[in-house]
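Protein chains: 2
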Amino acid sequence: MSSILAIDIGGTQLRAAVYPLSGTTPTIIQRTATHGMEAGVLERLTVLIDSVWPDGPVDAISVAAPGPLNPYTGTIISTPNIPAWTNYPLAGLLSRKYKVPAFLGNDANLAALGEWKFGAGQGHHDVLYLTLSTGIGGGVICNDMLIEGSRGMAAELGHITVLPGGPVCSCGVYGHLEAVASGPAIARYVIEQIAAGQTSILHSSLELNARDVAEAARQGDKLAKEAFVRAGSFIGQAVADYLHIFNPSIVIFGGGVSQSGRLILDPIEEAMKRNIMDKSYLEGLQITTVKFGDDAGLIDALAQAHIRLSKAG
Amino acid sequence: MSSILAIDIGGTQLRAAVYPLSGTTPTIIQRTATHGMEAGVLERLTVLIDSVWPDGPVDAISVAAPGPLNPYTGTIISTPNIPAWTNYPLAGLLSRKYKVPAFLGNDANLAALGEWKFGAGQGHHDVLYLTLSTGIGGGVICNDMLIEGSRGMAAELGHITVLPGGPVCSCGVYGHLEAVASGPAIARYVIEQIAAGQTSILHSSLELNARDVAEAARQGDKLAKEAFVRAGSFIGQAVADYLHIFNPSIVIFGGGVSQSGRLILDPIEEAMKRNIMDKSYLEGLQITTVKFGDDAGLIDALAQAHIRLSKAG
Numbered sequence: 001m002s003s004i005l006a007i008d009i010g011g012t013q014l015r016a017a018v019y020p021l022s023g024t025t026p027t028i029i030q031r032t033a034t035h036g037m038e039a040g041v042l043e044r045l046t047v048l049i050d051s052v053w054p055d056g057p058v059d060a061i062s063v064a065a066p067g068p069l070n071p072y073t074g075t076i077i078s079t080p081n082i083p084a085w086t087n088y089p090l091a092g093l094l095s096r097k098y099k100v101p102a103f104l105g106n107d108a109n110l111a112a113l114g115e116w117k118f119g120a121g122q123g124h125h126d127v128l129y130l131t132l133s134t135g136i137g138g139g140v141i142c143n144d145m146l147i148e149g150s151r152g153m154a155a156e157l158g159h160i161t162v163l164p165g166g167p168v169c170s171c172g173v174y175g176h177l178e179a180v181a182s183g184p185a186i187a188r189y190v191i192e193q194i195a196a197g198q199t200s201i202l203h204s205s206l207e208l209n210a211r212d213v214a215e216a217a218r219q220g221d222k223l224a225k226e227a228f229v230r231a232g233s234f235i236g237q238a239v240a241d242y243l244h245i246f247n248p249s250i251v252i253f254g255g256g257v258s259q260s261g262r263l264i265l266d267p268i269e270e271a272m273k274r275n276i277m278d279k280s281y282l283e284g285l286q287i288t289t290v291k292f293g294d295d296a297g298l299i300d301a302l303a304q305a306h307i308r309l310s311k312a313g
Numbered sequence: 001m002s003s004i005l006a007i008d009i010g011g012t013q014l015r016a017a018v019y020p021l022s023g024t025t026p027t028i029i030q031r032t033a034t035h036g037m038e039a040g041v042l043e044r045l046t047v048l049i050d051s052v053w054p055d056g057p058v059d060a061i062s063v064a065a066p067g068p069l070n071p072y073t074g075t076i077i078s079t080p081n082i083p084a085w086t087n088y089p090l091a092g093l094l095s096r097k098y099k100v101p102a103f104l105g106n107d108a109n110l111a112a113l114g115e116w117k118f119g120a121g122q123g124h125h126d127v128l129y130l131t132l133s134t135g136i137g138g139g140v141i142c143n144d145m146l147i148e149g150s151r152g153m154a155a156e157l158g159h160i161t162v163l164p165g166g167p168v169c170s171c172g173v174y175g176h177l178e179a180v181a182s183g184p185a186i187a188r189y190v191i192e193q194i195a196a197g198q199t200s201i202l203h204s205s206l207e208l209n210a211r212d213v214a215e216a217a218r219q220g221d222k223l224a225k226e227a228f229v230r231a232g233s234f235i236g237q238a239v240a241d242y243l244h245i246f247n248p249s250i251v252i253f254g255g256g257v258s259q260s261g262r263l264i265l266d267p268i269e270e271a272m273k274r275n276i277m278d279k280s281y282l283e284g285l286q287i288t289t290v291k292f293g294d295d296a297g298l299i300d301a302l303a304q305a306h307i308r309l310s311k312a313g
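Read top to bottom, the protein sequences are chains H and E.
All residue numbers for the first sequence refer to my numbering, where the first residue is 1 and numbers rise by one.
All residue numbers for the second sequence refer to my numbering, where the first residue is 1 and numbers rise by one.
Hints are computed from structural coordinates only; laboratory data are not their basis.
Wrong hints could be hidden among the right ones.
Chain copies aren't distinguished; within one or between two, either way the pair holds.
[What the hints assert, rightly or not] Derived pair list, reagent style SDA-like, types lysine to any residue, alpha-carbon separation capped at 25 Å: (1) K222 / L206; (2) K311 / G123; (3) K279 / A195; (4) K222 / T24; (5) K273 / N87; (6) K273 / G172; (7) K311 / M145; (8) K99 / R262.
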């Protein structure tokens, strides 16, 4: 029986799994530390691949990796956690070594694909996926097709201006969604407000993160709740924009910040209503969170293999 | 020889043309006044269609109309200039009367399709089209496919928030691109600044329009130039967002305001550079204006017929 070899390149871990061609339950999963700042990442990856390589034929190797990358050429342009992989033709290297087709996709784009094909978005033709985490990223399915763009750099959904002249983003532009509503942005807001004299059960510290803020909010801390309302308002404003742009039938939230549940989802939904141009965009719209958790990158890579193989065939 | 009957529903004029199935030169074009506020628009339209109906077979009737409308059901939801056409199944009515398939599409979306298939966007796979006029609308081609959304309401590109808390938009939301950068918004800014004491060769008047402002700017009027720089900055900010979202290889501007040329295009391009997250989005990017002018709606409708017939076949 032929199979797909799925790989997830994470900042902390490299993961590899083998899936039967027509199934979503892996026959084996293995993980190893990435150690991206040290040499030999490709060697660690190939040792990992060798450790799961099945006896039967492999139809494709499919890799999910953090962007920016070019899915058409299979090249990683740069990836913050593995500096040596700059303009790095990862798919080509794997394809030549293992003599099978190899595909490379942006992890946030592939998360949209994975949730659409196997998860929360099944049965929908138009899906908006947004990951709220250390950064804010996303992926979009339009009419059963992943939006990739002319060079595969589309769907950078955290990088739209929601507050002109606002805080500087990780990308260098001012006022992007990621700069005001990511996990670190939520923590930074609390720190700034404490410095400005607001009271809170939280203590200002460089280690403060969005999870601490969520915990304080659940204990009734006013500033912590306000930090989520503020972030959620910006996210909801952006989601309303995306409804006008893509008119999806489902919005799926992933990432650590979305695990704060109603704390973040309530202000998001209120801001969506406030910023929508016509209520018909909201009629029948499903708003939900991801189905897949920790090993999501592997099933996302599996979804990519299915799509690419069906196009090739 | 079989042919396509193309129709453009304008606020002022109804237009109909007949195109050979494999050509872009109409054998006949006829126009008549819309008189949308009076009864009998459908009757005027069918008289117009009868006047151009060819002797040979017609493969399809294809209609471009202002939105909101549902391209999947062929129903006009509402159209400001023809109040009687509310939830109006125009494509169905025409199809039954003329016994041929009839298609209906949003005029801004179809303009993207027309420019991609026959105009400035030929050869590109990923096209961003923006019309800058009384309103701001748009259309997007991704991977050779028109983005329509789950109910055909996608690509409302004038309705994203570029200035939270800014002026109210025609749709009721505050701070949308259309509210700060459409033709009327440019004129309104000049009127407000004159009221606030700025000097200008322009005189404050309800009839003042963006064309007057462009003329004054060409004569060196400081306030008039500033009005275009302000509008262009917001448009460029939004276009940078759209590059991150769609990663197109070409941006095409249409509509009356884009005819102001460098007056508006220079500040747009400067703001794009200021707001882009990575310069690779701008590498090789073409920025241009539409190929088709006054009768564009007809060739846009022709493009729609080609796409829909090829899908059906």
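**OP:** Measure nothing new, just compare the shortest in-copy and cross-copy C-alpha distances for K273 and N87 to 25 Å and report within, between, both or neither.
**Re:** between (42 Å within a copy, 23 Å between copies)
**OP:** Up to 25 Å between alpha-carbons, please classify K99 paired with R262: within, between, both or neither.
**Re:** neither (48 Å within a copy, 53 Å between copies)
Subject >> Intra- versus inter-subunit Cα pairing at 25 Å for K222 with T24 >> reply: neither (44 Å within a copy, 64 Å between copies)
Subject >> 25 Å Cα threshold - placement of A195 relative to K279 >> reply: Cα proximity of K279 and A195: none, with 40 Å in one copy and 36 Å across.
Original post:
Is the C-alpha distance from K311 to G123 at most 25 Å within one copy, between copies, in both cases, or in neither?
Top reply: Answer is both; intra-copy 20 Å and inter-copy 21 Å each pass.
**OP:** Check K311 against M145 for me: Cα-Cα at most 25 Å, and say if that holds within a copy, between copies, both or neither.
**Re:** Close inside one copy (11 Å) and across copies (16 Å); limit 25 Å.
Original post:
Is it within a copy, between copies, both, or neither that the alpha carbon of K222 lies no farther than 25 Å from that of L206?
Top reply: within (20 Å within a copy, 48 Å between copies)
Original post:
When no copy is specified for K273 and G172, does a C-alpha distance of 25 Å or less occur within a copy, between copies, both, or neither?
Top reply: The answer is between: 12 Å across copies meets 25 Å, while 30 Å in one copy does not.
Checked against the numbered hints above, the structure breaks hints 3, 4, 8 and satisfies the rest.
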